[in-house]
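Using the sequences plus the hints, can you model the full thing?
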Amino acid sequence: MLAENLLIRTLLGFRFVDAATEQPVTSGLAVSAAPAAARQPLVQAHRTRSGHYAFHHLPGLHALAYPADTAGPPESASGTAFLVRVVDRQGRFLPAVRRVTVPVLPSPPASPPAASPLLDFYLLSAPTRPVPPGLAVIYTRVVDVATDAPVPHALLELEVDGEAVYGQADRAGDVALLFPYPAVVAPLSGSPPSGRRALFEQAWDLTLRVYARPGALTFPLDPDVPELSGVFAQAPALLHGHPRASPPEPPAATRTVTLTFGTPAVLRTAGEALLFIEPSP
Numbered sequence: 001m002l003a004e005n006l007l008i009r010t011l012l013g014f015r016f017v018d019a020a021t022e023q024p025v026t027s028g029l030a031v032s033a034a035p036a037a038a039r040q041p042l043v044q045a046h047r048t049r050s051g052h053y054a055f056h057h058l059p060g061l062h063a064l065a066y067p068a069d070t071a072g073p074p075e076s077a078s079g080t081a082f083l084v085r086v087v088d089r090q091g092r093f094l095p096a097v098r099r100v101t102v103p104v105l106p107s108p109p110a111s112p113p114a115a116s117p118l119l120d121f122y123l124l125s126a127p128t129r130p131v132p133p134g135l136a137v138i139y140t141r142v143v144d145v146a147t148d149a150p151v152p153h154a155l156l157e158l159e160v161d162g163e164a165v166y167g168q169a170d171r172a173g174d175v176a177l178l179f180p181y182p183a184v185v186a187p188l189s190g191s192p193p194s195g196r197r198a199l200f201e202q203a204w205d206l207t208l209r210v211y212a213r214p215g216a217l218t219f220p221l222d223p224d225v226p227e228l229s230g231v232f233a234q235a236p237a238l239l240h241g242h243p244r245a246s247p248p249e250p251p252a253a254t255r256t257v258t259l260t261f262g263t264p265a266v267l268r269t270a271g272e273a274l275l276f277i278e279p280s281p
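Going by my numbering, the letters in the sequence shown line up with residues 1 to 281, in that order.
Quick caveat, the hints were computed from the structure, so don't treat them as lab data. Hints may be right or wrong, so weigh each one.
What the hints assert, rightly or not - Per label pair, the in silico range of CB-to-CB distance:
#1 S27 / A146: 15 to 23 Å
#2 A216 / P59: 26 to 34 Å
#3 R49 / P264: 33 to 41 Å
#4 E201 / T128: 28 to 36 Å
#5 L199 / R15: 27 to 35 Å
#6 E22 / T128: 16 to 24 Å
From the three backbone atoms N, C-alpha and C, an ideal C-beta is built for every residue, glycine too.
What follows is the structure, given as structure tokens:
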């Protein structure tokens, strides 16, 4: 009796990453995908022993996942667009939808799991997330200066040590932007408790920008979750003072945020925990 070899290719897999810490997120996620054209059926991903999320039996790709010729490449390299949705059951990260082309093939083609194609998928913090030790956080609610209405899915960009870190407003306009503390700006001298006191007196002035164009966002799988590429493609918004302030403050492209070590920062405008913006039309 001859033994038969069955090659099963995993055509799509994700390595989820915490955007605030750069650490892998290996549990607590519900990950699903659907063809972008039909948007159904919705297929659930399988969590692997390594904490990655892999898809099997994607619609229309059976011949690629189960190739007849185990020695050769897949029968076709033509791509099919899929929409992938991730929801964090633990409320640490915002839900997200991302468009990908399947198959994502290794080069040269090889058999999973060792050479399964993996894509990195960065997750942004939700306002409900507990702040891990050692991270800074900035809270606010993004509001349209003309209507006083929240601006859902606005993107906040903060410059930290010459690099950009990002936070996204949820559907209520609330934001928690988590990131590692900037480099210490002055030498810390003395033994504890003086050295510890000096650390907690550290402060940084950081530059904030906001991107918001709600009308350009698309919601292909969920009416509350925009496609991620559209979130990051939003145009710059203008930052305003309080609309009822007298005299009114002129709008600006940026705002300076003062961060103090060990203290959550809350962006306020005239005493209210609100960030007034003028979204891009």
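**Request:** Just pull the numbers of the violated hints for me, sorted ascending.
**Result:** Result: hint 1 breaks, nothing else.
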